[in-house]
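Engineer: These are the residues of each chain, in order.
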Amino acid sequence: MHPVRKQRLIIVGSVVVFSSIAIGLAAYALRGNINLFYPPVDVMAGLAPVDRPIRVGGMVVDGSVERSSETLEVRFLVTDYEAVVPVVYVGILPDLFAEGEGAVAAGTLNADGVLQATEVLAKHDENYMPPEVADALEASARRKQEASL
Amino acid sequence: MIPELGHMALILAMCLAVMLGTIPLWGAQRGHTPSMALAPSLAMGVLVFSAISFACLATAFLQDDFSVKVVASNSNSLLPPIYKFSAVWGNHEGSLLLWVLILSGWMAAVAVFSAQLPTVVLARVLSVMGLVAVGFLSFSLFTSNPFERLLPGIPADGNDLNPLLQDPGLIIHPPLLYMGYVGFSVAFAFAIAALLGGRLDAAWARWSRPWTNVAWAFLSLGIMLGSWWAYYELGWGGWWFWDPVENASFLPWLAGTALIHSLAVTEKRGLFKSWTVLLAIFAFSLSLLGTFLVRSGVLTSVHAFATDPARGLFILIFLGLVVGGSLTLYALRAPSVGSRISFAWLSRETLLLVNNVVFVVATVSVLFGTLFPLIMDALGQGKYSVGPPYFNAIFVPLMAVLIPFMGIGPLSRWKKDSAARWRAELLVPALAALALGIVLPLFAGGDYNVWVALAIVLAAWIVLGMLRDLYNRVRTAASVGRGFRRLTPSYCGMFLAHLGFAMTVVGVVATTQYTEERDIRMQPGDVQVLAGYTFRFEDMARVRGPNYVADEARFTVLEGEKVIASMAPQKRRYLASGSVMTEAAIDDGLFRDLFIAMGEPVGDGGGWAIRLHYKPMIRWIWLGAIFMGVGGFATVADRRYRRQRVTATSNVPGAGYAA
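Line by line, the protein sequences give chains A and B.
Residues 1 to 149 in our numbering are what the first sequence lists, from first letter to last.
Residues 150 to 808 in our numbering are what the second sequence lists, from first letter to last.
Calculated from the structure, these hints are not laboratory results.
Where a beta carbon is used, it is the ideal one built from N, C-alpha and C, also for glycine.
Please note: incorrect hints may appear among the correct ones.
[Claimed, not checked] Chain B residues, not near chain A, derived (Cβ > 12 angstroms throughout): (1) 313; (2) 384; (3) 525; (4) 533; (5) 544; (6) 547; (7) 749.
[Stated by the list, open to error] Listed below are several chain B residues computed to face chain A (Cβ distance under 10 angstroms; list not exhaustive): (8) 509; (9) 548; (10) 550; (11) 573; (12) 751; (13) 753; (14) 779.
Generate the whole structure from the sequences, applying the supplied hints.
Structural biologist: Put into structure tokens, the structure is as follows:
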């Protein structure tokens with residue numbers, strides 16, 4: 001074969017091989033590792049899957065944060081003002097986690113509808129709201145407005 | 150008065166950039182020398198006025214001029230002066246001004262250090278950079294003016310800088326990162342200039358190589374600092390999160406890594422020309438994409454300062470223009486610059502091709518993972534998040550595939566090499582790497598860790614292969630000293646960078662595998678034992694800083710019976726904003742870090758949630774990145790980049806760069 005053509009064949013071949021490997025890895029990796037966000041109203045309506053990793057976010061209900069006095073367990077409620085979801089988390093919460101502020105909890109929902117969180121995210125600074133939470137609240141406000149009309 | 154002066158200077162910089170982006174380019178197409186000769190002076194002019202503008206904003210911050218909106222929202226009279234200064238880029242408007250300043254700095258550097266370039270090439274390069282500057286200057290002036298005033302209602306004091314950003318690492322992280330981001334605009338400008346001129350050759354690669362290496366080195370250091378900052382400042386002991394914003398800086402780095410290797414082939418052998426140009430466009434486009442992702446507010450991140458749709462749209466349009474324009478130009482011009490030089494299967498070219506394919510595949514996979522949630526959201530398919538498992542599952546195997554080739558790379562020959570030679574040269578390094586990999590994890594104690602063993606084999610393979618090559622080079626010289634003196638700065642740079650990569654690999658795997666951590670409730674008097682270290686919680690104290698008050702937990706750490714460290718993590722409350730922040734305490738070492746962070750008070754008995762970490766070899770990750778950065782800088786010292794013009798164009802006549 002002509003050397004230049006052979007060379008091109010090698011190049012094209014290696015590109016094909018490596019991209020197939022990458023696509024395979026990507027598909028494999030995506031299978032269990034992406035998770036979907038659910039606003040509390042969807043969780044309440046039973047739309048969220050049980051025992052699969054999901055994220056739930058909203059405002060932390062005022063006065064709902066209960067800390068254990070012996071362990072690092074924390075229980076709190078998140079709401080989009082239409083529904084509430086109870087969350088249990090064992091560990092250290094982020095600095096900006098607070099009642100009446102936005103938060104997103106990642107974890108799995110158990111059969112009783114309690115989210116067992118493995119990670120809790122709060123906003124990064126005072127003026128900031130996680131976008132999923134902002135959207136969820138907006139949607140809930142819109143539905144309420146429509147209902148009242 | 151000063152802010153208005155800054156605003157004026159920015160407008161003047163914009164005017165000069167428009168001239169720079171048009172006149173020399175026109176001159177280059179028409180062969181009109183006086184217009185081309187304007188380019189360097191215009192570039193210097195843009196630098197002068199951007200610098201004045203930046204100085205004005207810095208003055209506003211330092212003098213607590215709260216009538217300026219960004220100062221009022223991002224500074225406070227209690228802030229220590231150094232943070233008042235770094236607050237200049239701790240916000241959207243100011244960071245954009247820093248971007249403009251650095252871009253004009255690169256432009257001026259090209260004008261100064263490339264005086265020996267053919268006038269037409271220099272004119273085109275500076276002109277293209279001028280156009281990029283026009284884009285960013287208009288972004289700054291039209292959508293995010295840093296000098297906007299709050300009149301008449303001037304606040305008495307400012308809102309304070311986000312406490313997370315009040316940190317020495319954050320003073321230099323953004324400028325370094327921007328140096329890298331923006332530095333790729335030089336490689337981009339050289340690529341576009343070459344496409345415009347229709348001449349892509351070894352000389353072109355030689356000109357753009359040092360710039361690309363320096364940009365890449367800055368980016369490496371910038372990313373390293375960001376990772377280090379996240380480790381000690383965010384308080385949960387992680388050093389890389391595959392956060393979209395981290396990816397935004399990592400993507401140009403990946404593409405840039407492919408680019409610097411591909412440029413080597415283009416310079417030395419005149420191959421992969423079109424591919425190299427494409428990579429240069431790709432690397433800079435990813436820098437712009439990173440800016441878009443970070444600045445448009447589509448991502449949830451500490452970096453997303455402002456969520457203003459107009460800004461996002463502006464960058465998106467700018468990105469579209471740059472990518473669309475350069476790819477169109479590429480489509481029109483690239484076929485005319487193809488190469489017909491051949492190389493054998495077993496050759497350095499093939500190995501560098503493997504590097505390129507792996508890095509491009511890695512770039513695309515990371516890009517996909519980063520954009521996937523945005524795409525799904527835009528399509529109304531729900532709000533997904535793609536987490537670290539995805540990125541690790543893709544990235545780690547790709548790097549593992551790369552390293553076997555990387556070990557052969559430095560001692561391979563251009564054009565044609567033989568398997569027999571590789572076997573003869575690399576048998577000893579291979580066996581030694583294997584032996585090291587099997588033996589070293591035994592010293593770590595605990596269970597034997599296969600992953601660590603594998604990482605050591607791979608890292609040792611890289612290093613020993615290079616040492617073998619070094620031995621070959623030095624051996625043939627009359628004396629050892631002379632042999633070492635004969636090594637070129639390019640070679641030393643490559644050596645350092647590859648060594649750094651090997652260190653990072655070991656650091657990443659050892660940290661990930663051996664880390665021990667515990668989140669637990671502790672109160673004064675409590676003792677915890679982690680990884681053989683005894684952490685004794687002594688007492689709590691109230692501490693006052695310049696602009697915060699803190700609860701400080703005082704720990705004594707013992708190894709056996711011996712006291713090795715006193716550590717004092719803090720929980721700070723910043724006075725101006727009232728925000729609370731965790732300040733971790735770290736006892737660092739070359740082979741292990743101890744890390745303590747405070748959570749919140751637990752119960753009434755004076756207990757606190759405490760996070761204890763034992764992190765072996767985590768410093769190696771950043772040390773490796775520093776080696777990579779230093780390696781990148783070292784290559785620039787090479788003499789062949791300085792005597793150019795005639796010698797550089799051995800296989801192409803020096804004349805005829807005009808279209």
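Engineer: Please verify that hint: residue 753 of chain B, Cβ, nearest Cβ of chain A, below 10 angstroms or not.
Structural biologist: Holds, about 7 angstroms.
Engineer: Go through the hint on residue 509 of chain B and say holds or violated, using the shortest Cβ distance to chain A against 10 angstroms.
Structural biologist: Where the cut-off is 10 angstroms and the nearest Cβ of chain A is about 9 angstroms from residue 509 of chain B, the hint holds.
Engineer: With d taken as the least Cβ-Cβ distance between residue 749 of chain B and chain A, does d exceed 12 angstroms?
Structural biologist: 7 angstroms, violated
Engineer: With d taken as the least Cβ-Cβ distance between residue 313 of chain B and chain A, does d exceed 12 angstroms?
Structural biologist: 7 angstroms, violated
Engineer: Would you say residue 544 of chain B is clear of chain A, with no C-beta pair closer than or equal to 12 angstroms?
Structural biologist: 9 angstroms, violated
Engineer: Does the nearest C-beta of chain A fall within a distance shorter than 10 angstroms of the C-beta of residue 550 of chain B?
Structural biologist: 8 angstroms, holds
Engineer: Does residue 751 of chain B hold up as a contact with chain A if the rule is Cβ-Cβ below 10 angstroms?
Structural biologist: Hint on residue 751 of chain B: holds, closest Cβ of chain A at ~6 angstroms, below 10 angstroms.
Engineer: Holds or violated: is the Cβ of residue 573 of chain B closer than 10 angstroms to a Cβ in chain A?
Structural biologist: Given a least distance of 24 angstroms, the restraint on residue 573 of chain B is violated.
Engineer: Was residue 384 of chain B rightly flagged as not at the interface, with every chain A Cβ beyond 12 angstroms?
Structural biologist: 7 angstroms, violated
Engineer: Please verify that the nearest CB of chain A lies beyond 12 angstroms from residue 547 of chain B's CB.
Structural biologist: Contrary to the label, residue 547 of chain B does not stay out of reach of chain A, its closest Cβ about 7 angstroms off (not over 12 angstroms).
Engineer: Quick one: work out the minimum CB distance from residue 533 of chain B to chain A and report holds if it exceeds 12 angstroms, violated otherwise.
Structural biologist: 5 angstroms, violated
Engineer: Verify this label for me: residue 525 of chain B is non-interface relative to chain A, using a Cβ-Cβ cutoff of 12 angstroms.
Structural biologist: Check fails; 9 angstroms does not lie beyond 12 angstroms.
Figure legend: structure checked against the earlier numbered hints; hints not met, in rising order: 1, 2, 3, 4, 5, 6, 7, 9, 11, 14.
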